[in-house]
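Chemist: Sequence:
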Amino acid sequence: MQLPVKFRSHPSERFYKQRHVCTMGSPLSPFVVNLFNQLFENAALQSYSGIPPAHWLRYIDDTWAKIQNDQGSGRQFSEDVRVQTGHHTDQYLQLDVKHKEQQHLKSALGLCGYENWTFHKVCHKDKLPRDKISNIVYAVQCEYTDCHDLYIDETKQTSAKRMYQHRRASASGCWDSVVFSHLDRTKHTFKNQYVVILDCEHGWFERGVKEAVYVKSEEPSLNGGLRYDLAGAYNFVIGKIPKKFPRP
Numbered sequence: 001m002q003l004p005v006k007f008r009s010h011p012s013e014r015f016y017k018q019r020h021v022c023t024m025g026s027p028l029s030p031f032v033v034n035l036f037n038q039l040f041e042n043a044a045l046q047s048y049s050g051i052p053p054a055h056w057l058r059y060i061d062d063t064w065a066k067i068q069n070d071q072g073s074g075r076q077f078s079e080d081v082r083v084q085t086g087h088h089t090d091q092y093l094q095l096d097v098k099h100k101e102q103q104h105l106k107s108a109l110g111l112c113g114y115e116n117w118t119f120h121k122v123c124h125k126d127k128l129p130r131d132k133i134s135n136i137v138y139a140v141q142c143e144y145t146d147c148h149d150l151y152i153d154e155t156k157q158t159s160a161k162r163m164y165q166h167r168r169a170s171a172s173g174c175w176d177s178v179v180f181s182h183l184d185r186t187k188h189t190f191k192n193q194y195v196v197i198l199d200c201e202h203g204w205f206e207r208g209v210k211e212a213v214y215v216k217s218e219e220p221s222l223n224g225g226l227r228y229d230l231a232g233a234y235n236f237v238i239g240k241i242p243k244k245f246p247r248p
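Going by the working numbering, 105 is the number at position 105 of the sequence shown; the sequence numbering is gapless.
One thing to keep in mind: the hints can contain errors.
Below, simulated DSBU-like cross-link-like pairs (lysine-lysine); rule was C-alpha separation at most 30 Å, straight line [what the hints assert, rightly or not]:
no. : residue 1 : residue 2
1   : Lys-191   : Lys-210
2   : Lys-161   : Lys-216
3   : Lys-156   : Lys-191
4   : Lys-156   : Lys-244
5   : Lys-210   : Lys-244
6   : Lys-244   : Lys-187
7   : Lys-132   : Lys-187
8   : Lys-161   : Lys-106
9   : Lys-243   : Lys-132
10  : Lys-156   : Lys-106
11  : Lys-210   : Lys-132
12  : Lys-156   : Lys-216
13  : Lys-243   : Lys-210
14  : Lys-132   : Lys-161
15  : Lys-106   : Lys-132
16  : Lys-132   : Lys-244
17  : Lys-243   : Lys-191
18  : Lys-243   : Lys-161
19  : Lys-161   : Lys-191
20  : Lys-216   : Lys-191
21  : Lys-216   : Lys-244
22  : Lys-187   : Lys-243
23  : Lys-243   : Lys-216
24  : Lys-210   : Lys-240
25  : Lys-161   : Lys-187
26  : Lys-161   : Lys-244
27  : Lys-216   : Lys-187
If you anchor each label on the Cβ, the simulated ranges turn out as follows [said to hold, decoys possible]:
no. : residue 1 : residue 2 : range
28  : Glu-219   : Ala-108   : 42 to 52 Å
29  : Glu-219   : Ser-107   : 45 to 55 Å
30  : Trp-204   : Ala-65    : 45 to 55 Å
31  : Val-196   : Gln-103   : 34 to 44 Å
32  : Gln-38    : Gly-239   : 41 to 51 Å
33  : Tyr-234   : Tyr-114   : 34 to 44 Å
34  : Tyr-234   : Phe-31    : 37 to 47 Å
35  : Gln-38    : Tyr-114   : 36 to 46 Å
36  : Ala-169   : Val-196   : 18 to 28 Å
37  : Leu-105   : Lys-187   : 48 to 58 Å
38  : His-104   : Val-237   : 42 to 52 Å
39  : Trp-175   : Phe-205   : 18 to 28 Å
40  : Ile-238   : Arg-130   : 20 to 30 Å
Just so you know, the hints here were simulated from the structure itself, not pulled from any lab data.
For each residue, glycine too, the CB sits at the ideal point set by N, CA and C.
Just need the whole structure built from these sequences, with the hints factored in.
Modeler: Encoded structure:
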């Protein structure tokens, strides 16, 4: 337990050494946290002069409580808990903290010899727009009322680029997409926002296997051969997968 960890307290800029700490991921950590939180909660309940909570259920630091809210009693009890635990520090994140963190991460990765693409791959917390998602298994279904033709494929390209290719003939005319052939023959259409991204997978082999699973499950009418032909032993399990595109 004597593991010194230095950290800085903002805005005083003083450095402190934490001497008692449990390692993140250790099975002991939740037990210790529960012990301390129980101590703080008991102190708050004993010192609170109002109506105590009817229910107080907690796991680690997540709490579900039923508190009477007459004359602000619920808010007052929550404040007492914060005071007892010392959680209310009046310190908040700066508005540009995310930008600063990203700049620091980019600089640190660069010092370690990582390329710029690594930074963009690591910083993936923000949800990408659908048309910019790459390495996908996707499904295109004809939007014409009486047509239920379906096509499932995989690509490492972005969704927008792949849909653009589906709407254009190849330069030679010999490698036209089956989706393009269907649209050209029937004069039907489809919209990008209705393209379904079934899965995301960076691995080329794994992406091909996932494509095969979805094709086996959905049985799309426009598909031809598969990059991977799954063994028949998987048919029973794949048959239990709920269909995303039920057809009449």
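Chemist: Does each hint fit the structure? Answer for all of them.
Modeler: For each hint, the structure was consulted:
1. Lys-191 <-> Lys-210: Since the Cα atoms of Lys-191 and Lys-210 sit roughly 24 Å apart, the hinted pair holds (cutoff 30 Å).
2. Lys-161 <-> Lys-216: 25 Å, holds
3. Lys-156 <-> Lys-191: 20 Å, holds
4. Lys-156 <-> Lys-244: The given pair, whose Cα atoms are some 22 Å apart, holds under the 30 Å limit.
5. Lys-210 <-> Lys-244: At roughly 15 Å apart (the allowed maximum being 30 Å), Lys-244 and Lys-210 satisfy the hint.
6. Lys-244 <-> Lys-187: With a Cα-Cα distance of about 25 Å, the restraint between Lys-244 and Lys-187 holds, given a limit of 30 Å.
7. Lys-132 <-> Lys-187: 27 Å, holds
8. Lys-161 <-> Lys-106: 28 Å, holds
9. Lys-243 <-> Lys-132: Roughly 26 Å separates the two Cα atoms, so the pair holds.
10. Lys-156 <-> Lys-106: Holds. Lys-156 to Lys-106 sits at ~25 Å (cutoff 30 Å).
11. Lys-210 <-> Lys-132: With a Cα-Cα distance of about 20 Å, the restraint between Lys-210 and Lys-132 holds, given a limit of 30 Å.
12. Lys-156 <-> Lys-216: 21 Å, holds
13. Lys-243 <-> Lys-210: 15 Å, holds
14. Lys-132 <-> Lys-161: Holds, at roughly 9 Å.
15. Lys-106 <-> Lys-132: Between Lys-106 and Lys-132 the Cα gap is close to 22 Å, so the pair holds against 30 Å.
16. Lys-132 <-> Lys-244: 23 Å, holds
17. Lys-243 <-> Lys-191: 21 Å, holds
18. Lys-243 <-> Lys-161: 27 Å, holds
19. Lys-161 <-> Lys-191: Holds. Lys-161 to Lys-191 sits at ~13 Å (cutoff 30 Å).
20. Lys-216 <-> Lys-191: Holds, because 25 Å separates the two Cα atoms, which is no more than 30 Å.
21. Lys-216 <-> Lys-244: Judged against 30 Å, a Cα distance of about 12 Å means the pair holds.
22. Lys-187 <-> Lys-243: 27 Å, holds
23. Lys-243 <-> Lys-216: 10 Å, holds
24. Lys-210 <-> Lys-240: It holds: about 15 Å lies between the C-alpha atoms, which stays within 30 Å.
25. Lys-161 <-> Lys-187: With a Cα-Cα distance of about 21 Å, the restraint between Lys-161 and Lys-187 holds, given a limit of 30 Å.
26. Lys-161 <-> Lys-244: Holds, at roughly 24 Å.
27. Lys-216 <-> Lys-187: Within the cut-off at roughly 28 Å; holds.
28. Glu-219 <-> Ala-108: 42 to 52 Å: At roughly 49 Å between Cβ atoms, Ala-108 and Glu-219 fall inside 42 to 52 Å, so the hint holds.
29. Glu-219 <-> Ser-107: 45 to 55 Å: Taking Cβ atoms as reference, Glu-219 and Ser-107 lie about 51 Å apart, which means the hint holds.
30. Trp-204 <-> Ala-65: 45 to 55 Å: 50 Å, holds
31. Val-196 <-> Gln-103: 34 to 44 Å: Distance hint for Val-196, Gln-103 holds at roughly 36 Å.
32. Gln-38 <-> Gly-239: 41 to 51 Å: With a Cβ separation near 50 Å, Gln-38 and Gly-239 satisfy 41 to 51 Å, so the hint holds.
33. Tyr-234 <-> Tyr-114: 34 to 44 Å: Given a distance of about 39 Å, which is inside 34 to 44 Å, the answer is holds.
34. Tyr-234 <-> Phe-31: 37 to 47 Å: 42 Å, holds
35. Gln-38 <-> Tyr-114: 36 to 46 Å: 44 Å, holds
36. Ala-169 <-> Val-196: 18 to 28 Å: Since the Cβ atoms of Ala-169 and Val-196 sit about 24 Å apart, the hinted range of 18 to 28 Å holds.
37. Leu-105 <-> Lys-187: 48 to 58 Å: 50 Å, holds
38. His-104 <-> Val-237: 42 to 52 Å: Because 46 Å falls inside the window, the suggested range holds.
39. Trp-175 <-> Phe-205: 18 to 28 Å: 23 Å, holds
40. Ile-238 <-> Arg-130: 20 to 30 Å: Holds, since Ile-238 and Arg-130 (Cβ atoms, about 26 Å apart) stay within the stated range.
Comparing the model with each numbered hint stated earlier shows that all of them hold.
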